[in-house]
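Once you've looked at the hints, dock chain D against the given chain L.
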Amino acid sequence: MTNKKKKLNPKAQHYQAIQKKNETKRPIFTNCLKAFFVGGFVCFIGQLISTFYIYFFDFTEQTAGNPTVATLIIITMFLTGFGVYDHIGQFAGAGTAVPVTGFANAVISSAIEHRTEGYILGVGTNMLKLAGPVIVYGVFSAFIIALIKTIFSQFLGS
Amino acid sequence: MKRYKQSLTIITLLSLTIILGCTKQDPTYEPTEQQATDYTPLTNKGQAHQSEADEAKQLLSRYDEVSEVHAINNDKTLIVAIKIEQGDRFSLDHLEKEFQEKLQHSFPHLKTAVSTDQKMLFELKELENKLANDTLSNKTLNKHMKKIKKLMKEET
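These protein sequences, in sequence, are chains L and D.
Heads up, the first sequence is in my numbering, so the first residue is 758 and it goes up one at a time.
Heads up, the second sequence is in my numbering, so the first residue is 73 and it goes up one at a time.
So here's chain L without its partners, still in its complex pose (with noise of 0.2 Å):
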């Protein structure tokens, strides 16, 4: 970074602090807050699917989990298809991406993108390509972190 600015001619340099100055900032703050509450409704959501299947249901708070994640994917499927999501998304930012329904919402929009590329090449080719790096790294963090915690439970003798 360094490096590449010391190369820069003075006017460009200038240019840069000058669009450095009037940029707009990033509202970090206030967009943690949003995806801190959205994100937490919509695992409030889940709870009450979740409550819902073990009270009316055989299911035990082992197994209810998988009714309930297909039935937030079903929702969202529908709120995709409809073009709600996209708001919600919008506003949220990664409070509506790190649930499952914004996987599944990744998933659905671009199968509804791509279809007017045919079936096996547009929806099939394409509806994986933003999971796709969702399961990769999902994958590969919880290598690591299980790496981390095999060898430190075994330093400290638990």
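Where hints are given, some of them may not hold.
What the hints assert, rightly or not - Ranges of calculated distance between the beta carbons of each label pair, as one might list FRET restraints:
| # | chain 1 | residue 1 | chain 2 | residue 2 | range |
| --- | --- | --- | --- | --- | --- |
| 1 | L | G838 | D | E226 | 25 to 35 Å |
| 2 | L | V841 | D | P103 | 44 to 54 Å |
| 3 | L | L790 | D | Q130 | 45 to 55 Å |
| 4 | L | I802 | D | K221 | 27 to 37 Å |
| 5 | D | K169 | L | F793 | 28 to 38 Å |
| 6 | L | S910 | D | Q130 | 34 to 44 Å |
Source of the hints: derived by calculation from the structure; they are not laboratory data.
No residue lacks a Cβ here, since even glycine has one placed at the ideal position from N, Cα and C.
Same frame as chain L, but now just chain D:
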């Protein structure tokens, strides 16, 4: 460079939090003197065969960590469902194991099963109410207990 250092610090702090959170704590839980939790006694409602369940409820209700307790027994099995205080839920497995051992020690002639699952709480509460109102036959009770035991064994 500054950014890189910042992110490195954040990652290190996060990893440390996770690692410290994951280290095994092995506390022992002791009952307090005062009765902390209310429970539904069944023996005084004409259900004399539920005396073991009542004893188990009395035993567990003295723990600060327990906020709700329900139990049912037949001549072979004792099923207990407990609700753990929110702050103590981090050591849920440990508590479940410890209470299981304590109950097994107190009732060696019965097969004891302890659960912290919400489903078991709902089911046992319903059974207790039915027993208190005397609307449950022994055969139905055994059938329900079999179903609850099966649910307890279920995994994802």
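>> Hint compliance check: list the failing hint numbers for this structure, sorted ascending.
In response: none
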